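Let the hints inform the model, and build the full structure from the sequences given.
Line by line, the protein sequences are chains A and B. Position 179, counted from 1, in the first sequence is what the numbering used here calls 179; the numbers after and before it change by one each time, with no gaps. Position 339, counted from 1, in the second sequence is what the numbering used here calls 813; the numbers after and before it change by one each time, with no gaps.
Take these hints with a grain of salt, some might be off.
Just a few of them, taken from the derived set where beta-carbon distance is under 8 Å, the chain B residues facing chain A [stated by the list, open to error]:
1) W667
2) H741
3) D802
4) T832
5) G907
A few chain B positions that, by computed beta-carbon distances, are all more than 12 Å from chain A [stated by the list, open to error]:
6) V526
7) N536
8) L673
9) L692
10) L738
11) R810
12) R811
13) K813
14) G854
15) A910
16) A941
With the Cβ distance kept under 10 Å, some of the chain B side facing chain A (calculated, not the full set) [unchecked claim]:
17) Y722
18) S725
19) E728
20) D805
21) P859
Just so you know, these hints were derived from the structure itself, not from any lab. Remember, predicted model here, so these are calculated numbers, not experimental data. Just so you know, even glycine gets a beta-carbon here, dropped at the ideal spot from N, CA and C.
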Amino acid sequence: MLVTLAQPVESVPDASETRLSLGPAAARNLATTTKSVPQMQAISSRWLLKVLPWVEAEGGTFRVNRRLSYEVGDGRVTFTDTGSGPAVIPAELGELPLLRGFDEPDVLAALAGRFERRDYEPGDVVVASGDPSDEAFLIVHGRLNQVGTGEYGDRTVLGVLADGDHFGDDSLTDPSSTWDLTVKAVTRCTALVLPQRAFDEVLAQSEALSGRLRWFQANRGAQRNEHGEADVAVASGHEGEPDLPSTFVDYDPAPREYELEVAQTILRVHRRVADLYNEPMDQTEQQLRLTIEALRERQEHELVNNPRTGLLHNADLKQRVRTRGGPPTPDDLDHLLSLVWKEPGCLLAHPRTIAAIAREWNHRGLHPDPVEVHGHHVPAWRGVPLFPCNKIPISGHHTSSVLLLRTGLENQGVIGLHQTGLPDEYRPGLTVKDMGTDGKAITSYLVSAYFSAAVLVPDALAVLEQVEIGREEA
Amino acid sequence: MTAVEPAESVEHAEHRLSLGTEAARVLATTTKTRPQAQAITPRWLLRRLPWVEAAGGTYRVNRRRTYEAGHERVACTALSGRFRVVPETLAELPPLRDCDDEDVLSALADRFEQRRYAPGSILVGAGEATDRLVVVAHGRVSQLAAGEYGDQVVVDVLADGECLGTEVLTGAPGTARFTAKALTPVIALTLSWQAVADLLDASPSLRAHVERNRDRPLPPRNKKGEAEIAVASGHAGEPELPSTFVDYDPSPREYGLEVAQTVLRVHTRVADLYNEPMDQTEQQLRLTVEALRERQEHELVNDPRIGLLHNVHPSQRIHARSGPPTPDDLDNLLCRRRKTRLFLAHPRTIAAFGRECTRQGLDPGTVEVDGGVRQPAWRGVPVLPCDKIPISRRGTSAILALRTGEADEGVIGLHQTGLPNELEPGLTVQPMGTDAKAITSYLVTAYYSVAVLVPDALGVLDDVEIAR
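Below you can see the structure in the form of structure tokens.
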């Protein structure tokens, strides 16, 4: 702040000057001050709570019944770093399709111990298409492109691999296989590599593992559709009188049940304050109002971040994509939209991520038209509104995520769960229970909000991960 | 004055076949405009601010109690090329917060050394030991951090008194988390660790103060610095629930209504006789009121106590990244608050922004404001002109972004209506009688103020260069 030097303060009258009439400072003693209700900085627009359709979860539990699906283990591997470099947690190897549900700690530990660390610089070719594939890769940190050959011989990026991803593990089952893709490092990368020879050594020592290998090779192709659901056999386009397939729609025998989560606090108000100081504002009501704002903020935070029900943790792994270059480009948003292509409802991102997205738009000379939602102009991409949500975390390295949701019970989207008609209900799904007054004349109120969010089918929610929001150097 | 010309019309009168216009004018009445004034502007700020009644002349803004950790920003003065830190503002820095020992503060301010850096030079490198406090007195510095994959990303742009390495003041040097790189020629004021150590040794009171600030942690608070409302969530079973209450700011800010006044004098002879077709007093009043309203808008922007430019919270003051007001800068300004209702900028700043948009091939579009008037907009938020925002001699100005309205915890205008002799809301005309020179005086007064209900309702993009 640059201030000019010593400006004489002209408006304040000289102390020696005697007033001829009553001054405003003295007059204020008689006048009533107009007062604002207490203001709170931490209130945000809470768009997530506004866009989610809230569905009654009577009985406190909501069961999402789905068709039976044969999930293949295609999760992400987690690593530890004990100071001597990264190591894979043996039990985490169960995320690989080959070892899913394989419960032999000794064998897993033996496999985990044989991984070797390798580092790559940006631009390094990790594996080349056509070379014999005799290694399994686990990516500890970094971003890699899977480069394939396009229809007409040009090179195309087919996918992006990053932290926790793996490739080459199914080639271990087939010693004569070759790589069908080239994998190239985009950033500095660290990977753990299991050579074929190390795998074969463990295989030779363990009867359980070789039995597992035979079972895996035999069970590769169960009858399922592209979403992993058990097939509903349907005949079509036939002529004559062939035998029609008989079928039934199988349900998931262990459907997921969502219980309502709770956010609670005890609000204390002294009787003397609550009884006397009520003009012009009711003290208890103002205390409650701000406490409820804080609870609602926490509720939105939990809906995004809770490890059990939070949206960031409930996105299916196939619905998680990485940015191609780092910053959130329009191309990445288009990729995200292709994952929730059935009636996408809204995009959610941290305000700083939105600024980074806008920057990418500006650099490409794009100015997407805003859309109007509840009377507000909201920026939008391809007509899907982009709402700010400051509950989406930003990592210490300035990366964040963008969420894309389809909402609504009817179109199998993401829904919010709550229960109304509760005793002592103050707002829908929020109760204020008088807990009585204690020996210090303090009245306590138990304020509880009950809520949860359910993703009805996995393709209702997609996440763009590792969005770099630190501005690139111009 | 040119020489007297012969009266042509008289000379050629005999040649005319009908009555000339000159002669006809003698009989005709001239149609007259009302007096026009060039200084009248649309006054968008006055039109777009929601005006709230401040009965009793004072408006108190109650807020939740906040525990400020201090800001990493001080004020600097410049005197013929020498910069100096304003000593009192050093007490804004976290290690020195609430320090009111003026001697110690000015001793600290005296020990700063001035240094110049060329564009591109590194002021502080990430990972280096912080051996000095750096104040960016003039120029722009980008703050860089290591990104996810080891490359550098820009975190922020520092300028105008923002500081780096304030932990030096505790006497215990740490490690710099960010790299600071000069974007323009930079004049920085540096305070070495050694100078601080000497002063800490010389002044036990300063050492005690610094240690107290270091050892006494702030009470639990949320991201915005507000006293925490303890809430438990996501728990199962029967844990003990936190008890809480919402604390209020014990000394809330009160806004008295400011005043703009003038005494309008009209000679009774003028007021009595020359009233056809326009009432002379009314026209005098109309123009006086216009001038008062212009002044009112000027004060709402520039008044050192209530003016918007002087009431921006340090965390809401951002700097243009490259100099001119680019779309990126406006996006940065926009992402700092919810429901931004309007941008306010000098017309020349708007022209500079338009130039930047054109350069990037963007058409920002327009929106309809106040029924029918189309104004340029950015992301659907109107960019309204206001010539009261000053432009410095070096051609820099500011862009304000406002959320408005009492319900949205925004910026509100304050006035009081139902005053005696009210002419317009919040504006009175009080006849003061007629003096011995037959001059009638009227006291014309406008009462107004503006209040920012929470800090993030008002942001400013500072130091935008519009003269490029």
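Mind verifying the non-interface call on B:R810? Its CB should be farther than 12 Å from each CB in chain A.
violated (7 Å)
May I ask you to check that B:R811 keeps its beta-carbon over 12 Å from the closest beta-carbon of chain A?
At about 8 Å from chain A, B:R811 fails to clear the 12 Å cut-off, so the statement is violated.
Report holds or violated for the interface hint on B:Y722, using the least CB-CB distance to chain A and a cut-off of 10 Å.
Hint on B:Y722: holds, closest Cβ of chain A at ~5 Å, below 10 Å.
Is it correct that the beta-carbon of B:A910 has no partner in chain A closer than or equal to 12 Å?
Non-interface label stands for B:A910: nearest chain A Cβ at 22 Å, farther than 12 Å.
Was B:N536 rightly flagged as not at the interface, with every chain A Cβ beyond 12 Å?
The assertion about B:N536 is violated, with a minimum of 4 Å to chain A.
How about B:T832: closest beta carbon in chain A under 8 Å, or not?
violated (10 Å)
Status of B:A941, Cβ more than 12 Å from any chain A Cβ
holds (18 Å)
Taking the closest Cβ pair, is B:H741 under 8 Å from chain A?
Violated, about 28 Å.
Against chain A, with CB atoms and a cut of 10 Å, does the hint on B:D805 hold up?
Because about 4 Å separates B:D805 from the closest Cβ in chain A, which is inside the 10 Å limit, the hint holds.
Verdict on B:G854 as a residue remote from chain A, using beta-carbon distances over 12 Å
violated (3 Å)
Restraint check, 8 Å cut-off on beta carbons, for B:G907 near chain A:
Check failed: Cβ of B:G907 comes no nearer than 17 Å to chain A, outside 8 Å.
Interface-negative label, B:L692 against chain A, beta-carbon threshold 12 Å:
At about 16 Å from chain A, B:L692 clears the 12 Å cut-off, so the statement holds.
Of the numbered hints listed earlier, those contradicted by the structure are 1, 2, 4, 5, 6, 7, 11, 12, 13, 14, 18 and 21.
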